[in-house]
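There are 2 protein chains.
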Amino acid sequence: MGLIGGSFALDLKGINPEATMYGIDTSEDHLDKAIELGIIQEKAVFEDLAQADWVILAIPVDKMVEVLPRILDVIKDDAIVLDVGSTKEQICKSVENHPKRRNFMAAHPIAGTEFSGPTSAQRGLFIGKTNIICEVEKTASGFQQKALEFFDAIGMHIRYMDPKSHDKHIAYVSHLSHISSFMLGKTVIEKEKNERDIFDMAGSGFESTVRLAKSSPSMWTPIFKQNKDEVLQPLREYIDNLNRFKELLENEDFEAIYAEMQQTNRIKEILEGIHLKKMKL
Amino acid sequence: MGLIGGSFALDLKGINPEATMYGIDTSEDHLDKAIELGIIQEKAVFEDLAQADWVILAIPVDKMVEVLPRILDVIKDDAIVLDVGSTKEQICKSVENHPKRRNFMAAHPIAGTEFSGPTSAQRGLFIGKTNIICEVEKTASGFQQKALEFFDAIGMHIRYMDPKSHDKHIAYVSHLSHISSFMLGKTVIEKEKNERDIFDMAGSGFESTVRLAKSSPSMWTPIFKQNKDEVLQPLREYIDNLNRFKELLENEDFEAIYAEMQQTNRIKEILEGIHLKKMKL
Chain A
1 MGLIGGSFAL
11 DLKGINPEAT
21 MYGIDTSEDH
31 LDKAIELGII
41 QEKAVFEDLA
51 QADWVILAIP
61 VDKMVEVLPR
71 ILDVIKDDAI
81 VLDVGSTKEQ
91 ICKSVENHPK
101 RRNFMAAHPI
111 AGTEFSGPTS
121 AQRGLFIGKT
131 NIICEVEKTA
141 SGFQQKALEF
151 FDAIGMHIRY
161 MDPKSHDKHI
171 AYVSHLSHIS
181 SFMLGKTVIE
191 KEKNERDIFD
201 MAGSGFESTV
211 RLAKSSPSMW
221 TPIFKQNKDE
231 VLQPLREYID
241 NLNRFKELLE
251 NEDFEAIYAE
261 MQQTNRIKEI
271 LEGIHLKKMK
281 L
Chain B
1 MGLIGGSFAL
11 DLKGINPEAT
21 MYGIDTSEDH
31 LDKAIELGII
41 QEKAVFEDLA
51 QADWVILAIP
61 VDKMVEVLPR
71 ILDVIKDDAI
81 VLDVGSTKEQ
91 ICKSVENHPK
101 RRNFMAAHPI
111 AGTEFSGPTS
121 AQRGLFIGKT
131 NIICEVEKTA
141 SGFQQKALEF
151 FDAIGMHIRY
161 MDPKSHDKHI
171 AYVSHLSHIS
181 SFMLGKTVIE
191 KEKNERDIFD
201 MAGSGFESTV
211 RLAKSSPSMW
221 TPIFKQNKDE
231 VLQPLREYID
241 NLNRFKELLE
251 NEDFEAIYAE
261 MQQTNRIKEI
271 LEGIHLKKMK
281 L
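Protein chains in written order, with UniProt numbering: chain A, 1 to 281; chain B, 1 to 281.
Chain A extracted, bound-state conformation (with noise of 0.2 Å):
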C-alpha cells in the first residue's frame, strides 16, 4: 500500500470501476489509510489471493523472492500476478521452474520518487513513465496482453528487456543516483552541524541533489543487497571520476576541469531526449 501499489490500485479502479481492490500489508494503519483514501476497498490477508484476479506484488524486493512463489503457488489457474521491483534477476530466477510461471509478469515501472506510503499514491502517476517488463516470453500471451492493455490505458511507455542487462543498467541510471544523493547528504549533515546555515544557504541545486537522500532505507537497503554485483561497478567508476577531478582540483588544472563539465554538458541533449520521448506519448 505504498507509492507504486497503491497508485496501480487507484488505476485499475479508474478504468476498472466494477472491481473490487484488496489491500494487503504488514502494517495496519497502512491498510487503514489507504481505505481512507480511496486506494483499496477492503483490507485482505495472504490467503485471499487464491481469489483474486489480478495481484500487483509492490513489497520490498527480498520479500518478493519469497513471497513471489508462495504466491503463485496459491493463485488461480487464470489469474495474473505483476511485480515492480528495481531489480529483477533475483525475483525472476525465483520463480524460474514455477508450474505457474506462465501467469506472472515481471515488470518495473520507473515512476518511483522520494516518498513512500499509501498518502504517496497518486492518480495517474505512471502516464508517460516507462515500465520494463523482463523475460515476456515467459509469460502466457493472455496475460501479457491483459497486461500490455492496462499499461497502454494507463499512458505508460514498454520496453522488454533480460534481467540482466535491466539489472546492469539501472544501476547505472537510478541505484548510483541514490547513493550519490545520500552520501552527499551526509557529508553536509556531518558538517554543518548548525542546521541554520544548510537552512539559509541551501539553494535549489542542493535540494534536487538531495532530494532522494529521502528515500525509504526499508526498501533501498534490499535492493542495493540483490542488485550488489551491478551497482558496486557504477560506484567504483564514480569515485574515480570524483577522485580524478579531486586531483585536477589538486593540480590547478582548471582547463582540464573546464572540459569534463563541458564534455558532461552533452547530459542537457540527453535530459531533453527523455522530455521529447515523454511528450510524444
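Simulated from the structure, these hints should not be mistaken for lab results.
Incorrect hints may have been included.
Copies of one chain are not kept apart here, so a pair can be met inside one copy or by any two copies together.
As the list claims (entries may be wrong) - Below, in silico cross-link-like pairs of lysine to aspartate or glutamate (EDC-like), each with a Cα-Cα straight-line distance of 20 Å or less:
no.: 1; residue 1: K100; residue 2: D78
no.: 2; residue 1: K168; residue 2: D200
no.: 3; residue 1: K13; residue 2: E36
no.: 4; residue 1: K228; residue 2: E252
no.: 5; residue 1: K228; residue 2: E247
no.: 6; residue 1: K146; residue 2: D77
no.: 7; residue 1: K225; residue 2: E42
no.: 8; residue 1: K100; residue 2: E66
no.: 9; residue 1: K129; residue 2: D197
no.: 10; residue 1: K13; residue 2: D197
no.: 11; residue 1: K129; residue 2: E272
no.: 12; residue 1: K268; residue 2: D200
no.: 13; residue 1: K129; residue 2: D200
Got chain A; can you put chain B on it based on the hints?
Frame of chain A, contents of chain B only:
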C-alpha cells in the same frame, strides 16, 4: 546579461519604472536578446559606468576580481555597486583598500539554476531566496539602506556573514552538489554509450541528481579556482563517505548500509525547514 544580472535588471525596472537599465556584456547577441526581452533598454560600454547610479556586477568570479576595482575607479561618488558572485573572499579582497570600498556591497543571492544567458532571466526570481551579504560594515550606511530596501522589495531574505565563512559553507551546500552532479553525469554518459537506454530507463531521480551537470563551465571553472581549498575539503569527505559505503557493500554489511541511509533521512526535516523558512517570507 545572464540569469542573475538579467533577473535583477527586470526587478529593478519593475520597482523603478522610470529608471533606464543599461547592459554591458561581452556577447553582442546577449545584449540584443536582452533588449528584445525587455531586460535592458540600452546597450552600454565600460566608460558609461561613470554615469551609472546602480551597478550590478554579474560575471564569472575570476573576471570580478579584475573588473570590480576598475568599476570603483570610474563610478560617481553616489553610485552603488553590488556583486553577485558565488565566492566572496577574493572578491572582497580585490577592493579592500580601494578608496571607494564603501560604495560596494558584497552579495551572493542564492538563486542560481542550471540555466544561463538572457533567456533564463525572470521577474520574481528572488522571491523567498536568501541573499548573503558579506562585510556589511564596509559598505556606507546610506548605500546599505538603499540596497536592503531593494532586496526587501523583491522578496529576499538577508543573511550576514564574513567572506571566509561564506566560502566555507557554500562549498558544502552548493559547490559540492555541482561536482557530485557533473561526475554522476560523466559516469553514466561514459558507460551508457547507447543513449536510448538512458532515455528509457532514467526516472525523475536521475534527472534530479544530474540537473546541475547542465551548468555553465565558464561560470563554474572560476568558482572552483577561487574556492579551491574550501571545495577540496567537502569533496574529500564526500569521496570518503562513498568509499565507506562501497566497502560496506563489498562486505555485505547491510545493517550498516541501512543505518547510513536512515541517519541521512534527517535531510527530510532539513529540507522542510528550508521550505518553511521560505513560506514565512
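Now the hints, each set against the structure:
Within a single copy, K100 and D78 get their C-alpha atoms as close as 10 Å, which meets the 20 Å cut-off; across copies the closest is 83 Å, which misses it. Only between protomers do K168 and D200 lie at most 20 Å apart by alpha-carbon distance; the minimum there is 14 Å, versus 39 Å within a single protomer. Taking the shortest Cα distances, K13 and E36 sit within 20 Å of each other inside one copy (15 Å), while across copies they are farther apart (51 Å). In this assembly of identical chains, the alpha carbons of K228 and E252 lie at most 20 Å apart only when taken from different copies (8 Å versus 36 Å within one copy).
Proximity of K228 and E247 under a CA criterion of 20 Å is satisfied inter-copy only: 11 Å between copies versus 28 Å inside one chain copy. Taking identical chains as interchangeable, the C-alpha atoms of K146 and D77 lie at most 20 Å apart only when both belong to the same chain, with a minimum of 15 Å there against 77 Å between chains. For a Cα distance limit of 20 Å, the shortest separation of K225 from E42 qualifies neither inside one copy, at 33 Å, nor across copies, at 61 Å. With identical chains, the CA atoms of K100 and E66 are at most 20 Å apart within one copy only, with a shortest distance of 15 Å there and 73 Å across copies.
For the homomeric pair K129 and D197, the shortest alpha-carbon distance between copies (14 Å) is at most 20 Å, but the shortest distance inside one copy (37 Å) is not. Proximity of K13 to D197 under the C-alpha cut-off of 20 Å is found in neither arrangement, the shortest distances being 46 Å within a copy and 32 Å between copies. Taking identical chains as interchangeable, the C-alpha atoms of K129 and E272 lie at most 20 Å apart only when both belong to the same chain, with a minimum of 15 Å there against 27 Å between chains. Taking CA atoms no more than 20 Å apart as the test, K268 paired with D200 passes between copies only; the shortest distance there is 15 Å, against 29 Å inside one copy.
Taking identical chains as interchangeable, the C-alpha atoms of K129 and D200 lie at most 20 Å apart only when they sit on different chains, with a minimum of 9 Å there against 35 Å within one chain.
Hints 7, 10 from the earlier list are contradicted by this structure; the remaining hints agree with it.
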